[in-house]
Amino acid sequence: MNAPGSGRSNLGSRRLMQRIAFSLVWAAGSLSVLILLIVVGYIVAKGLSSITWQFITTPPRGGISGEGGISTTIVATLYLVVLTVGIATPLGVGAGIYLVEYAEAMARKSRIIRAVVSTARFGVETLAGVPSIIFGLFGYALFVSSMHLGFSLLAAGLAGACLILPVVIRTTEEALKAVPVSYRNGSLALGATRWQTTQKVVLPAAIPGIMTGIVLSVGRIVSETAIFYVTLGGSYRMPTSLLSGGRTMALHVYYLAMETRAFDKAMGTAAILVISIIIINAVINLFSRKLSARIGA
Amino acid sequence: MEETTGACRLRTIGYKLWYGDFCALHETTLDIPSNRITAIIGPSGCGKSTFIRTFNRMNELIPGVRVAGEVLLDGQDIFRLDVVELRRLVGMVFQKPNPFPKTIFDNVAYGPRAHGLRDRNRLAEIVEKSLRSAALWDEVKDDLSKSGLALSGGQQQRLCIARTLAVEPEVILMDEPASALDPIATLKIEELLQTLKKDYTIVIVTHNMQQAARVSDFTAFFMTDENRSGHLIEYGPTSRVFTNPREKTTEDYISGRFS
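Chains W and H, in that order, give the protein sequences.
The letter at position 24 of the first sequence is residue 24 when you use the working numbering, and the numbering goes up by one with no holes.
The letter at position 127 of the second sequence is residue 127 when you use the working numbering, and the numbering goes up by one with no holes.
It is worth saying that the hints were derived from the structure and are not from the lab.
Don't take each hint at face value.
To be verified - Pairs of lysine-lysine, DSS-like flavour, derived with a Cα cap of 30 angstroms: (1) Lys96/H x Lys290/W; (2) Lys96/H x Lys16/H; (3) Lys141/H x Lys200/W.
Just chain H, with the same shape it has in the complex (with noise of 0.2 angstroms):
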């Protein structure tokens, strides 16, 4: 595709996914560029979170799902990876912070403990940088044997964000992270976006266009046809894709005029 600068880290090449019989989403084809913010737009139903769910294949959790194509990590084929090593190499945050019932400390260090970390001093490390990337540490240092359900909503989900920084992971999923959230919150996490970017890959889903045009660099819009499939309209840099779209879809949407 065009204007991608850098490395590409993810690319999809004719992918396509059903539900059974059902034709989620149509052939996919897009290069989704090392340390940069991406965001994938588009109404409801338009198979944005099954989309972004294909990178750490968490969609062969759901009966029926088929996929045909090719996706690359770093130009390896995913589906011929270990799932559960694709799963550290691509962490994901989910639309509804999902914080595990146990303490700050234990939620961050899950996934460094799950590969096999014993060091009590080294997991401590991990768990203060994690919490510090997610600009979470300095309000729960002094508090980091309390539950993690004990916590808002914003700081739920910056505890999960710091939960997936924690295995370093080259590449952050998120769908949906601020649609639970409130504005002050969802600010809070649109800032540490754009100092993640730094160190990792990102590819975001979100409803909101306006949060979209503001945090990312690349924007793919996916539409339903007539037959409820996803398809990707257009892919660019936001500011092309927002100002000035190729396709007249995209422009409806964007400019607000579908139902």
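Extracted from the complex, chain W is given alone in its bound form (with noise of 0.2 angstroms):
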């Protein structure tokens, strides 16, 4: 035991120790935090003067010149991030709520689909972490060639659809997983089945966070290139049907840098790509937080 007052000896050294600690967190946050200031800054800088209302409103015209504007990226992109969105969303969420809501509690009563469970787990576990060109390959072998879908929106919808899913399954299940127990009990309590209890407690209280996983996925669809260069090809014709193929505003910043001498179009797309994801997010978000507080969690 220390004496009292023992404490009282080294409170020098440790009030020290303390704002060394503080002084190193907050150098290590406003660094970050510069950083990327810096990497957005710039390219919105560099990217504003080629940014004129006719850029954003008329289609590329091709070429080593990198002529034209990017008006068939941006309704290509509008068009993939709304086909990956939907396809993977209903997938991806039911698969969250069966995991959570269903496999556990069916798994204590069979070893056989525990085992399912876990593998299932583990296998949406690895596929997050596969590089996105692997998914490209996938969706070129399966989608492309072998359903003969061609380059295509829906080709590269479904392989989108397959890059997002693990995000959007594992993001439900941390937001099924956040809400509180006793809200289920409550509800189960009063002669609620599981399903209602699901439907009209559970998840209501889980959708702000099912939100954020949404937001990650149309992220990942808007910046990915790899997986799109080769299941939507590279097309910049404007998209007429699901068969169509195009050109994302991340495959089109690809595109100009390396092909073409158009390195200030390059700028701005990548600034126009940048701002529109700030954007998104901050729409989402707002509404997931309206939603939240209306759920009143």
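Hey, can you piece these two chains together into the complex? The hints should help.
What follows is the structure in structure tokens.
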């Protein structure tokens, strides 16, 4: 036992350590923010000069000079986001609900289900770490060639859905696990079925968390290039159907930077890309905050 | 058992419960009378909560639980009843207030809606009646669209009681319903119990012996043995159990001669 007051003798050195530690984490924090600001600021500053209304509303003209605007790539990006999120959200949220709300209860009773569930979890975790080009190769082999979809929005959407599925499943699982057990017990004790409990109590409380997963996925789709290079092709024409090929904004940045002399237009496109990701995040954040305020969490 | 006047609503016959290989509750045979308050008392870990969670089969949500013996509700084996129907008949109020993150109205309407009621007027009637019965109506009537989580702890617990009343159960189980509340909120809940017992059969777990003595008509005393398994030691009218216990263990516990 320390004598009373012995804690006071080293008070000075403990205070000093505290100050040093605070300064270090503060410095690390500010430096990280600064680096991010520089990257974003550089791109926006460089790109801003080539951004005009005309640049946004005219299609690219192709060729080595990289003439024209980016209208078709914006449209292709939007289509692709809607398509991937539309495919992956019901699947991923459904899988997450199954794993958290149903499989665990069943896994207690059956060893086979327990094995299936842990395999599924392991699979999801592994897939979340697989490089996107692997999903691209898979998508190319299955959707583009075997299923004869060609370079198309549909093929790219399916491959993209595979890419973001693990993220959607995992964030759904985390969001559901964060819902207090007492809500579930309260609902079950009133004679609600497990599905009613999930649908009316657990899911509404988990929606902000699930939204986060979807935002992350949208960001991923908007920014990926490799996977769409091999599934969407690179056509800069306006996509007209699910079977049209196309070029997303990120892909366009890649093409402009590598195959044309229009580096300023690459920067301009990149700037629009960054700004739109910021806007998407802000809007969805606001939306989910409103939503969770409404449910009162 | 002795002196239980009137009809018996719940009955356990040789009921036992295990968590895995651990026997948490030894053979318990007990009759719980209608329209009375039955208190379950005993030290922590004696199986009080486990015992009342039997009656709405909430123990089934815990992995590894096994049971033996019979549990009857109005003479019917509860393990043969559909569990969803059983939980409509046997409501439960939990230790910590657990309103849903929904409006006050939606909290109370949750149960009736889950059982298929859609008529808005009928729902509004049930919500008002339940909130009145739970002595909460006057405090919230102008604010039914406020979140249930915005209420104070005591109000939240009365909201949970209203939510339970809304499905018109026969029995209400209460697992230490006032232990998370301040003395004034506790008093309100205790007063409420006295009016509720006219219409409902109430089983309440409490670790507060004064509370058991104040509110209940019958008292069951549970105690752990050397293996930490729970045993029913004594059961009878509260006045008798507290003034003239038959078992030495009961007397020791009630008079505070236990660590």
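Now for the hints, and whether the structure bears them out:
1. Lys96/H x Lys290/W: holds (27 angstroms)
2. Lys96/H x Lys16/H: Judged against 30 angstroms, a Cα distance of about 26 angstroms means the pair holds.
3. Lys141/H x Lys200/W: holds (24 angstroms)
Violated hints for the displayed structure: none, as all numbered hints are satisfied.
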